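**Student:** Here are the chains, one letter per residue:
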Amino acid sequence: MDITILIGGAAGQGIQTIGTLLSAACCKAGYFAMAVNDFESRVRGGHSFFKIRISNAPVYASRESVDLLIALDKNTWEIHSPSLRDNSVVLADEDFSSSGRIVPLAFEQLAKETGSNLFINTVAAAAGLRVLGAGPATVQSTIKDHFSGLKEDLLEKNLDAAQKGFEKVADVLFEEQPLAHPSVPKGNLISGAKAIALGAAAADCRIGAFYPMSPATSIMQHLTDLSKRLDIVVEQAEDEIAAANIVIGASFAGARAMTATSGGGFCLMTEALGLAGMTETPMVIVNAMRPGPSTGLPTRTAQGDLRFAIHASHDDFPRFVFAPGTPTQAFEQTRKAFYLSEKYQVPAIILADQYLLDSLFLLEKPFFIDKHVERFIVTDDDMPDPGGYERFAVTDSGISPRALPCKGKALVKVSSDEHRPDGHITEDIAIRNTMMEKRRAKLPAMIEELDGPETVSPDAHTLLIGWGSSAGAIKEATDLLRDQGADIGCLLFSQIWPFPATAAEKMLKNNPDTQFIAVEMNAEAQFAGILKENTNINFSGYVLKYDGRPFTAQFIVDALKEKELA
Amino acid sequence: MSDKDRYESAYENQWCPGCGNFGILGAMKDALAQLNIPPEKLLIVSGIGQAAKTPHFLKCNFLHGIHGRALSIALGAKLANHDLNILVNSGDGDCYGEGGNHFIHAARRNTDMTLLVHNNQIYGLTKGQASPTSAWGMTTAMQPGGVISEPLNGPALALTMGAGFVARGFSGNKEHLSGLIQAAVQYKGFSVIDIFQPCVTFNRVNTAQWYKDRIYELDETKDRDDFGTAMTLARETGDRIPVGILYTKEKKEFISQIKGLEKGPLIDRHYDPDRLEKVVQEYI
Numbered sequence: 001m002d003i004t005i006l007i008g009g010a011a012g013q014g015i016q017t018i019g020t021l022l023s024a025a026c027c028k029a030g031y032f033a034m035a036v037n038d039f040e041s042r043v044r045g046g047h048s049f050f051k052i053r054i055s056n057a058p059v060y061a062s063r064e065s066v067d068l069l070i071a072l073d074k075n076t077w078e079i080h081s082p083s084l085r086d087n088s089v090v091l092a093d094e095d096f097s098s099s100g101r102i103v104p105l106a107f108e109q110l111a112k113e114t115g116s117n118l119f120i121n122t123v124a125a126a127a128g129l130r131v132l133g134a135g136p137a138t139v140q141s142t143i144k145d146h147f148s149g150l151k152e153d154l155l156e157k158n159l160d161a162a163q164k165g166f167e168k169v170a171d172v173l174f175e176e177q178p179l180a181h182p183s184v185p186k187g188n189l190i191s192g193a194k195a196i197a198l199g200a201a202a203a204d205c206r207i208g209a210f211y212p213m214s215p216a217t218s219i220m221q222h223l224t225d226l227s228k229r230l231d232i233v234v235e236q237a238e239d240e241i242a243a244a245n246i247v248i249g250a251s252f253a254g255a256r257a258m259t260a261t262s263g264g265g266f267c268l269m270t271e272a273l274g275l276a277g278m279t280e281t282p283m284v285i286v287n288a289m290r291p292g293p294s295t296g297l298p299t300r301t302a303q304g305d306l307r308f309a310i311h312a313s314h315d316d317f318p319r320f321v322f323a324p325g326t327p328t329q330a331f332e333q334t335r336k337a338f339y340l341s342e343k344y345q346v347p348a349i350i351l352a353d354q355y356l357l358d359s360l361f362l363l364e365k366p367f368f369i370d371k372h373v374e375r376f377i378v379t380d381d382d383m384p385d386p387g388g389y390e391r392f393a394v395t396d397s398g399i400s401p402r403a404l405p406c407k408g409k410a411l412v413k414v415s416s417d418e419h420r421p422d423g424h425i426t427e428d429i430a431i432r433n434t435m436m437e438k439r440r441a442k443l444p445a446m447i448e449e450l451d452g453p454e455t456v457s458p459d460a461h462t463l464l465i466g467w468g469s470s471a472g473a474i475k476e477a478t479d480l481l482r483d484q485g486a487d488i489g490c491l492l493f494s495q496i497w498p499f500p501a502t503a504a505e506k507m508l509k510n511n512p513d514t515q516f517i518a519v520e521m522n523a524e525a526q527f528a529g530i531l532k533e534n535t536n537i538n539f540s541g542y543v544l545k546y547d548g549r550p551f552t553a554q555f556i557v558d559a560l561k562e563k564e565l566a
Numbered sequence: 001m002s003d004k005d006r007y008e009s010a011y012e013n014q015w016c017p018g019c020g021n022f023g024i025l026g027a028m029k030d031a032l033a034q035l036n037i038p039p040e041k042l043l044i045v046s047g048i049g050q051a052a053k054t055p056h057f058l059k060c061n062f063l064h065g066i067h068g069r070a071l072s073i074a075l076g077a078k079l080a081n082h083d084l085n086i087l088v089n090s091g092d093g094d095c096y097g098e099g100g101n102h103f104i105h106a107a108r109r110n111t112d113m114t115l116l117v118h119n120n121q122i123y124g125l126t127k128g129q130a131s132p133t134s135a136w137g138m139t140t141a142m143q144p145g146g147v148i149s150e151p152l153n154g155p156a157l158a159l160t161m162g163a164g165f166v167a168r169g170f171s172g173n174k175e176h177l178s179g180l181i182q183a184a185v186q187y188k189g190f191s192v193i194d195i196f197q198p199c200v201t202f203n204r205v206n207t208a209q210w211y212k213d214r215i216y217e218l219d220e221t222k223d224r225d226d227f228g229t230a231m232t233l234a235r236e237t238g239d240r241i242p243v244g245i246l247y248t249k250e251k252k253e254f255i256s257q258i259k260g261l262e263k264g265p266l267i268d269r270h271y272d273p274d275r276l277e278k279v280v281q282e283y284i
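If you read the protein sequences in the order shown, they are chains A and B. If you read the first sequence in my numbering, its first letter stands for residue 1, the second for the next number, and so on. If you read the second sequence in my numbering, its first letter stands for residue 1, the second for the next number, and so on.
If you're looking for bench data, these hints aren't it; they were derived computationally from the structure. It is possible that some hints are incorrect.
Stretch-level coverage of chain B by chain A, calculated; a stretch enters the list once three of its residues show a Cβ under 8 Å from a Cβ in chain A [stated by the list, open to error]:
#, region
1, 69–77
2, 132–138
3, 269–282
Straight-line alpha carbon distances no greater than 16 Å define the calculated EDC-like cross-link-like pairs of lysine to aspartate or glutamate that follow [said to hold, decoys possible]:
#, chain 1, residue 1, chain 2, residue 2
4, A, K365, B, E277
5, A, K228, B, E262
6, B, K278, A, D225
7, B, K259, A, D225
One side only, chain B facing chain A, incomplete, derived with CB under 10 Å [what the hints assert, rightly or not]:
#, residue
8, S9
9, I104
10, M142
11, G146
Fair warning: this is a prediction, and the values are worked out from it, not measured in the lab. Glycine included, each C-beta is placed from N, C-alpha and C at the ideal position.
Model the full assembly from the supplied sequences, consistent with the hints where possible.
**Tutor:** Set out below in structure tokens:
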């Protein structure tokens with residue numbers, strides 16, 4: 001079984017509630033699920049949809065075809081009916097056409113009978129649950145679980161609305177009935193945004209500073225929720241510039257700290273990124289990529305900020321860049337970003353994107369929590385002469401002992417100008433060169449910290465090369481093509497910078513006849529370019545997409561076939 | 001104990017001879033000695049500009065950061081460790097120009113720290129352009145026809161944004177300035193002193209004599225908790241300019257309102273894997 005449910009309507013109609021409810025029910029019934037959230041940059045109206053894929057096997061990307069369409073408005077029918085299959089079922093608020101597969105369902109009228117058209121989402125969710133095979137008890141318990149925080153009378157009204165929706169679809173036969181055959185749950189659904197916030201908490205992040213910007217805000221919302229129970233303080237700054245500098249100040253004083261923003265906000269933060277680079281202050285920035293330039297498509301997804309993240313701010317200084325592809329990687333790499341940022345005293349950037357942050361993925365294994373978090377801070381006790389402490393002492397590793405201000409006799413002196421080992425400004429040529437070399441001396445060890453790509457059939461003749469959250473769709477496309485007999489594999493990078501050349505080259509140089517194809521959500525194949533610079537491999541083709549909508553496996557397969565690359 | 005020598009920095013001073021900043025530096029050392037804040041318990045945060053170089057010339061912990069961002073860095077440091085004594089040194093361009101937005105919000109937040117604005121009404125480090133506080137009509141190489149915008153009034157702006165301690169000082173009166181700095185540091189909240197300071201190289205209008213001719217000290221025995229009076233005093237920038245505390249009133253301090261910080265500084269908390277594990281499990 002591998003079915004796709006699409007719930008569409010206007011913003012404000014409760015699309016997300018219906019989607020979350022249905023996907024949670026399927027998850028609880030033991031199925032694998034993933035869901036994407038597609039919406040416009042507006043609060044009311046327009047067209048939004050939530051697309052859920054349910055399967056017996058793990059799924060990491062969305063599909064094009066739709067098996068069950070829940071259309072809360074005519075717009076949804078018009079936009080999505082081309083994706084329907086012959087046997088698809090449509091639950092629609094009106095009888096939009098004479099098509100026999102539409103089950104007219106007066107969502108709005110049924111909701112109003114319950115008391116308000118606010119209950120449309122509950123009516124629709126219950127109808128959807130029943131079509132998927134849920135019995136009355138499952139529908140009731142799902143609604144109760146979801147609305148457990150509501151007051152008693154409101155909960156009753158929701159249950160009433162659910163009953164109405166449930167009854168109206170009694171005769172609808174859907175070929176798959178997943179909820180009629182429940183088994184043991186495989187895990188919980190989790191968004192990339194939640195995974196990053198939890199990763200930060202697990203890294204012992206104490207301070208979050210942010211300025212609201214889609215699609216990064218949800219990360220800071222989760223961190224704020226966590227701050228109610230953990231030693232975390234989140235501050236909404238007056239702008240992204242302040243947010244990034246708050247992080248630097250907090251980190252300088254000794255707390256692990258982060259900020260999250262999107263491309264436009266990251267533009268403003270590049271000044272602070274340079275400050276962190278020059279002052280060797282740890283900082284973690286999440287850049288939640290969305291299409292640009294400028295404001296671009298605020299609620300859509302992209303992988304267009306890779307070159308920007310790697311080169312942001314002026315002159316050269318080392319930094320880490322991660323691009324997690326799944327919530328598990330998002331959690332682990334966020335934790336790793338904090339650890340490495342502190343260990344090497346360099347900034348770490350996590351490149352997420354709207355697709356990773358706003359979609360729901362099934363988390364099979366619980367996140368691992370460290371028993372101990374390693375810190376890289378020295379005190380007076382670690383120094384023979386605290387009075388002579390030098391924040392930027394020259395060492396072979398390039399890493400200087402980092403003390404905290406006002407925590408002992410050692411005075412911590414830090415300057416954004418080029419500085420002497422003691423932190424005071426200098427324009428001395430020899431010291432400038434020494435300091436530049438000291439900062440860059442960290443690079444070889446930094447590279448060794450990063451893992452190479454995840455691979456599927458790396459010895460194949462054709463290798464798809466991807467990074468970040470496109471990994472799921474690329475893997476699925478590889479599987480589809482292999483099933484059709486193609487000699488194809490893929491290499492998926494998620495730890496990007498400093499470029500893990502040694503780890504990558506091992507996989508890239510297996511066969512001199514290998515054909516490499518870049519699959520990226522940007523117009524210039526940014527990662528392919530980086531790979532070429534660092535490994536001398538050449539690409540035979542490109543599958544690029546920059547329309548703001550995520551990859552599906554079918555899209556990649558079709559594009560490869562069209563270009564006669566597979 | 002009031003040994004000023006303990007704040008002496010071995011680092012060579014880079015200000016021009018006769019710079020008004022020397023008066024501010026001297027007043028700072030005196031105030032710190034009077035308050036008995038030892039160098040190792042003092043954090044100075046600054047931006048960019050001649051004023052921002054101050055911490056290099058004084059023995060202390062410091063972060064000399066980037067243009068206009070000192071207040072944001074100071075806020076971050078205070079959130080991480082609210083036991084820190086933080087002084088921020090900024091110039092009129094650094095604080096009111098590049099850092100204007102942060103200044104506004106720092107006054108709103110009322111975080112316990114002291115901001116000293118070295119106000120010489122000109123850009124010194126970049127060699128003589130108009131600053132946000134330059135008088136209307138002042139001519140410079142970059143404003144040959146004269147400044148055509150109204151000067152920014154730091155104390156008045158701070159007052160309207162809710163600052164609870166607003167003062168004006170003059171670098172030429174070190175003793176008086178030291179007293180202001182002491183009062184500002186002791187104020188529980190965001191305290192700002194806009195300090196007039198002659199730029200001997202680039203500002204030919206607002207010279208030491210120009211200030212001396214206009215400045216008068218406010219009566220220190222008077223309560224200064226009336227907003228209207230404070231605004232009137234803040235706007236008195238013509239032939240007579242008052243120096244002293246323009247306004248001081250108890251207000252809700254920022255850190256003290258954050259529930260998560262009641263248990264003490266964040267940096268002193270221990271990592272607790274068991275609690276974390278429980279919270280993470282429940283949150284998923």
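**Student:** Each hint should be assessed against the structure and marked as holding or not.
**Tutor:** Verification of the hints:
| no. | hint | verdict |
| --- | --- | --- |
| 1 | 69–77 | holds (count 7) |
| 2 | 132–138 | violated (count 0) |
| 3 | 269–282 | holds (count 9) |
| 4 | A:K365 / B:E277 | 14 Å, holds |
| 5 | A:K228 / B:E262 | 13 Å, holds |
| 6 | B:K278 / A:D225 | 14 Å, holds |
| 7 | B:K259 / A:D225 | 14 Å, holds |
| 8 | S9 | 8 Å, holds |
| 9 | I104 | 7 Å, holds |
| 10 | M142 | 23 Å, violated |
| 11 | G146 | 31 Å, violated |
Consistency with the previously given hints fails for numbers 2, 10 and 11, ordered from lowest to highest.
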